[in-house]
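Asks: Counted from 1, the sequence shown has number 61 at position 59 by our numbering; the numbering is strictly sequential.
Because the hints were derived from the structure by calculation, they are not lab data.
These numbers were taken from a predicted model, which means no experiment stands behind them.
Think of the CB as a built atom: it goes at the ideal place given N, C-alpha and C, for glycine as much as any other residue.
It is possible that part of the hints are untrue.
[Claimed, not checked] Taking lysine-lysine pairs in the DSSO-like style, the calculated list, with each CA pair at most 27 Å apart, reads:
1. Lys14 / Lys177
2. Lys76 / Lys177
3. Lys90 / Lys177
4. Lys236 / Lys199
5. Lys199 / Lys216
6. Lys76 / Lys110
7. Lys24 / Lys177
8. Lys216 / Lys237
[What the hints assert, rightly or not] Quick list of the computed label-pair ranges, beta carbon to beta carbon:
9. Val169 / Gln227: 23 to 33 Å
10. Asn240 / Gln93: 51 to 61 Å
11. Val169 / Asn48: 53 to 63 Å
12. Gly218 / Gln93: 42 to 52 Å
13. Lys216 / Pro130: 12 to 22 Å
14. Gly218 / Gly187: 26 to 36 Å
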Amino acid sequence: MTESEALTAVRKQFVNYLFQEKRLSFHTLDNYERDLSHFQLWLEENAVSQWRNVKQHHVRQFVAFRHRKGLAAKSLQRLLSSIRSFFKYLQREQLAADNPGVGVRAPKVKRKLPSTMNVDEVSQLLKPDSDDPLDIRDMAMMELFYSSGLRLSELVSLNVHDFPDNVEELTVIGKGSKTRIVPVGQFARDAVNRWLKIRISLANENEPALFVSKRGSRISARSIQQRLSQQAIKKSSNQHLHPHKLRHSFASHILESSGDLRSVQELLGHANISTTQIYTHLDFQRLAQVYDAAHPRARRKK
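Working from the sequences, and respecting the hints, build out all of it.
Replies: Dropping the structure here:
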């Protein structure tokens with residue numbers, strides 16, 4: 003086995019460990035695989051032939067190299083996270099003495115405020131106006147996104163048995179295979195029940211998925227994204243609609259009414275409350291707009 007093959011074999015063992023024991027999504031596994039393969043290639047070009055020989059200055063130089071190549075700050079942070087996780091695994095397997103990723107920092111990410119819809123825009127979007135089976139399905143999916151704050155992957159993975167009669171809450175598996183319970187509002191229940199009455203005409207025999215494509219199998223994430231975009235155009239919305247916009251709107255509207263950040267964190271399934279705090283900035287933005295419009299000394303008159 004060549005030195006390069008030996009490096010690759012250990013890297014593959016790590017990815018397999020993430021799949022078998024950590025149960026990470028295929029998307030996350032692809033990110034780890036891509037990040038670490040780029041790192042391995044750079045190490046080989048810089049005459050580092052064993053993982054145990056990687057030092058902190060190698061990681062720092064690699065991050066700087068990728069930064070010069072135009073990799074965004076958020077991607078650099080993910081890259082560092084991949085390296086740290088990998089070397090934590092190597093330490094556990096006694097294939098490395100220390101973790102060279104610890105102590106290396108990536109550039110700070112400039113946080114973008116999430117795009118949301120106001121209550122009137124959501125109401126207009128979710129107004130039933132079609133008897134077409136696919137439109138009824140789309141309406142049920144959109145209602146669930148907004149009612150329960152679901153991630154796209156969480157909605158895709160729902161099965162029929164997850165939605166019994168008069169269900170008021172759903173148990174979903176989110177990021178990192180973490181389970182959480184989310185509420186289901188009356189409008190969402192009605193929309194899904196309407197879909198279930200006609201689902202049998204589309205679904206393949208023994209297909210467990212709650213939402214299916216016109217081919218009868220579980221609908222894909224990509225198809226949902228395309229259908230929501232089409233629904234926004236049908237409803238003459240001037241916004242680009244994607245699943246996360248409905249999730250963002252769900253969080254923003256609850257926080258706006260309740261002011262309860264911890265509850266919103268639980269509903270969204272955020273591991274860290276700092277992730278949820280971005281919605282407080284949205285709320286303040288609206289307050290600032292009201293202030294600017296109403297206060298006589300808020301802005302200098304033209």
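Asks: Next pair to validate is Lys199 with Lys216; report whether the Cα-Cα distance is within 27 Å.
Replies: It holds: about 15 Å lies between the C-alpha atoms, which stays within 27 Å.
Asks: Are the Cα positions of Lys90 and Lys177 separated by 27 Å at most?
Replies: Roughly 20 Å between the alpha carbons, so the hint for Lys90 and Lys177 holds.
Asks: Taking 27 Å as the top limit, are the C-alpha atoms of Lys24 and Lys177 close enough?
Replies: Given that 27 Å is the threshold and the Cα spacing comes to 11 Å, the pair holds.
Asks: Okay, Val169 versus Gln227 on CB: inside 23 to 33 Å?
Replies: Given range 23 to 33 Å: holds, Cβ gap about 25 Å.
Asks: Assess, step by step, whether the Cα of Lys76 is no farther than 27 Å from the Cα of Lys177, and give holds or violated.
Replies: holds (18 Å)
Asks: Straight-line Cα separation of Lys216 and Lys237 no greater than 27 Å?
Replies: It holds: about 22 Å lies between the C-alpha atoms, which stays within 27 Å.
Asks: Do the beta carbons of Asn240 and Gln93 sit within 51 to 61 Å of each other?
Replies: Distance hint for Asn240, Gln93 holds at roughly 53 Å.
Asks: Quickly compare the C-alpha distance for Lys76 and Lys110 to 27 Å and report which way the hint goes.
Replies: Judged against 27 Å, a Cα distance of about 8 Å means the pair holds.
Asks: State, for the Cβ atoms of Gly218 and Gly187, whether the hinted interval 26 to 36 Å holds or is violated.
Replies: Holds: the Cβ-Cβ distance is about 28 Å, inside 26 to 36 Å.
Asks: Is 53 to 63 Å right for how far apart the beta carbons of Val169 and Asn48 are?
Replies: With Cβ atoms ~56 Å apart, the hint holds.
Asks: Given the proposed pairing of Lys236 with Lys199, does the C-alpha separation stay at or below 27 Å?
Replies: holds (24 Å)
Asks: With respect to the beta-carbon atoms only, verify the hint that Gly218 and Gln93 lie 42 to 52 Å apart.
Replies: For Gly218 and Gln93 the Cβ distance comes to about 48 Å; the hint holds.
Figure legend: structure checked against the earlier numbered hints; every hint is met.
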